[in-house]
Amino acid sequence: MKEELPFDHEPDAQLGAALREALAPQGHDAFVARVVAGFTTPRAGSWDVLAGWAGRGIAAAALLALGAGFAAGRVMQPAASIEEALLTAPADSGTAAAAVMRGDNPPDASIVFAIRP
Amino acid sequence: MSRDPQPQAGGPRIELREEAELVTRSLAGDRTAFGALVERYAAQARRVARAVLRDPDDADDAAQDAFLSALVKLEQYDPRRPFGPWLMRIVANAATDRRRRRSVRSAEPLDPGVVGGGPRPDTAAERSALSERLRQALAELPERRRLAVVLFDVEGYSHAEIAGMLKIPEGTVRSEVFHARRKLRTLLEDWREPS
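Protein sequences appear in the order of chains A and B. Position 8 (the first sequence) corresponds to 8 in the working numbering; numbering is contiguous. Position 61 (the second sequence) corresponds to 178 in the working numbering; numbering is contiguous.
The set of hints was computed from the structure by calculation and includes no laboratory data. Each residue gets a CB set at the ideal place from its N, CA and C atoms; glycine is no exception. There may be inaccurate statements among the hints.
[To be verified] If the Cβ cut is set under 7 Å, some of the chain B residues that face chain A in the computed set are:
1) G152
2) V155
3) A159
4) L251
5) R252
6) V271
Full structure from sequences and hints, please.
Okay, structure coming up:
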């Protein structure tokens with residue numbers, strides 16, 4: 001055993017060997033395999049993080065899809081047909097004529113003739 | 118005892134050029150190259166982690182985290198410098214972080230027999246008992262002191278290298294090693310001197 005020297009620059013081989021034995025890890029090959037597997041496949045911790053995000057992500061995506069679908073439906077909804085306009089319109093001729101004028105599609109002849117001036 | 122393919126304390130280390138080549142290949146996506154570095158430094162990393170964390174499983178988890186962290190940060194490594202000190206700095210940080218998170222350090226009281234000495238460790242059982250006492254004595258030391266003495270006397274790093282790893286002045290490293298040795302040598306002397 002070496003003397004205690006405050007300015008000792010050399011490692012103490014005996015103390016080092018005793019500490020090395022005390023701290024000796026077991027299962028070297030298994031540990032190396034575990035580390036190598038850790039950087040070739042995602043660790044369980046990574047999946048936990050992803051799973052944590054997944055719930056909120058799915059909810060947000062569903063809400064967004066619902067909103068987008070509603071907006072698209074509003075935009076793409078076809079204009080009311082003349083028949084529908086006439087059925088909902090009051091029975092006076094001015095309103096019926098106005099409904100014909102508002103319609104996007106040409107009116108059926110029978111409907112035109114049904115409007116009395 | 119487990120196989121330890123690493124350089125012994127004070128012994129020859131892996132060539133700088135070889136390390137740089139392994140790092141270059143790792144950065145290019147060659148995972149077997151990084152596996153070679155893991156193989157080389159695994160035992161050392163586990164010992165250093167165990168110097169901080171008494172539980173071997175915790176120490177292994179910390180060492181594994183450190184290797185993965187090293188892989189992520191590999192571009193930051195300067196290939197003109199030895200790989201070991203750079204990696205051990207990451208290992209020490211990983212172990213310290215884990216200890217802080219888990220509050221593992223429960224400051225178990227020393228076995229009354231630790232400092233009181235005992236028979237010479239001639240048999241396997243006695244050697245095992247000495248190892249346990251050394252681990253307990255290490256656990257009684259402040260964390261930085263434990264790391265300093267293990268990195269210096271077990272792993273063979275220089276005071277300057279340890280100072281870089283622990284981010285403390287070189288003089289502080291010398292002081293920490295000195296105080297750690299004083300306690301641990303007393304324990305070893307007591308084992309060697311027949312009562």
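Hint numbers not upheld by this structure, sorted from lowest to highest: No numbers; nothing is violated.
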